[in-house]
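Modelling step: build the complete structure from the supplied sequences, incorporating the hints.
Protein chains in written order, with the numbering used here: chain A, 3 to 254; chain B, -15 to 278.
Just to be clear, a hint being listed does not mean it is correct.
Stated by the list, open to error - Footprint (simulated), chain A over chain B, 3 or more residues, beta carbon under 8 Å: (1) 4 to 16; (2) 33 to 43; (3) 87 to 95; (4) 103 to 113; (5) 143 to 149; (6) 232 to 240; (7) 270 to 276.
Keep in mind that the hints were calculated from the coordinates and are not lab data. Nothing here was measured: the structure is a model prediction, and the numbers come from that model. Beta carbons are placed, not taken as given, at the ideal position from N, Cα and C, and that holds for glycine.
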Amino acid sequence: MNILVACKIVPDDQDITVASDGSLDSSRAHEIVSQYDLNAIEAAAQLKEANEGSTLKAISVGPKKADDSKTKKDILSRGVDELYLMADDSLADLDSRATATELAKLVNKAGDWDVIIVGDGSADDYAKQTGVQLACALDVPYVAGATNLSFQEGNLEIQRNLESESEDIELAVPAVVSVSPEIAEPRIAGMRDILKAGKKPQNVEAAEEKPEESIETVSIKAPKQADRKQEVFDASDGEGLDKFVSAVKEVL
Amino acid sequence: MNAFVLAETENGARELCAGARQIADEVTLFTFGNAVTGVADKCLHLQIPEDAIADDAYPSVNESFDASGAKVVLAEPTVRVTNLAGRLAAHANTAAVPGVNALKDGVATSVYFGGTGVKESKPETDVSVYLISAGTFDGTQATGTDTVEEVEFKAPEKLAVKKGTAALPKSDIDLASADKIVACGRGFAKEEDLQLARDFASKIGAEVACSRPLSEGVNWFPREAYVGVSGAVVKPDVYFAVGISGQMQHMVGCNDSGTVIAINSDKNAPIFKQCDVGIVGDLKDVLPALTKAL
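Rendered as structure tokens:
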């Protein structure tokens, strides 16, 4: 089968700092694959490995800095055969509908496909909307939250967890499936995989035109920190532990 | 103006209808759960066929939405309603605003980067779709009629087949109403060490919770026990963060707690800047000392 996996390249939130005016600064942040999209790539790679003769291509849409050699290699070192990336500053911070519109363009360039796997939600907005919007753009069925995924007799067999029940679902391809993070633990790529990744095909292009957006971002600011007393003791000081226990007693 | 509420739980329906009432003259509730009366001007109820998934009810949802004449959609962020909201947003040529925890004059406030930031955004389209987090509106304020109309399930051309369903093991974890929580993080090197936290929690009548790695990484806890951006958001009177470093992704789940008490062996852990009382020390020494003293 031919598998596509969509992933988002985002600034590492560990590197995001708060500027003096309360705005967030990600200009010095490293670009990484959004955390739960790594689980999606792993689920896609395992599906490929379980079905002999399958292909796996990754698709991604983002700003110019998403065209980052280390991040692209990271994607290609995880069992992915080929990458289609649209990187352009007019594609920064798109809403889910605009992202899906652009991803659909890459889907059409990536050749025949049976299933598109997407992650649970991206690190920034965690909207859980891009997969369903992509399914709408491509006019195919969509199932979200797969905890298990296999391909049997031409159909996808999916298990997923809702809030209080699980469901077993059969889905004809082509389809879009979002996977729950617990479906697969991302692999740690070996040196050989990383070296091989450098030789795999990368198709990087600019945007054809600025996509139409539905949502306007009014502001992004650091949250107000709760004012905490920060009374911290040290257990290695003789009386630190006792003082801490007394302080806790007072609270309770 | 009319508002369209998409919900599957009674609590979700109540809260969202109460919120919709603040911004709209007429409120239509669409649910595939149990019909809820007295919260909207009309409850549209759809019974999902046994072999279909609720996500595939979108042709019926979209048609009911069009008929309602609503311009605003408030949706409950469950797995299935999230997908229906996405289908509806695409149908109405817009994108749903996710993770909304406040809504004023069309501007939604959402968590950004797992709580690293707060994002305000506003749909620029004719129709606005918002996924509203639990607790954003007061469900007791909901008012409405007892009118319930059944809606027919119209299958999409290509649909999923539900082959079976099973109840997930019911968790006895109730973080939402707990007034004390003892949350465990990566500082617990071995699963058996969790007993120290359980003993302490049972002594003070607290619920035991965890950070994401202990639930999704090593499976020491069910996912209901996980506090953080994609897990539970809790507001107990007292929150013990034991062996938790204090990353934003976790803290967004407990920032509104009354008092935060931190136990961590790393004196540079960010949790010490976000706690009221803390101790730098080995949880294997500190927890037994607390259990003994309290």
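Exercise for review: Just pull the numbers of the violated hints for me, sorted ascending.
Suggested key: 1
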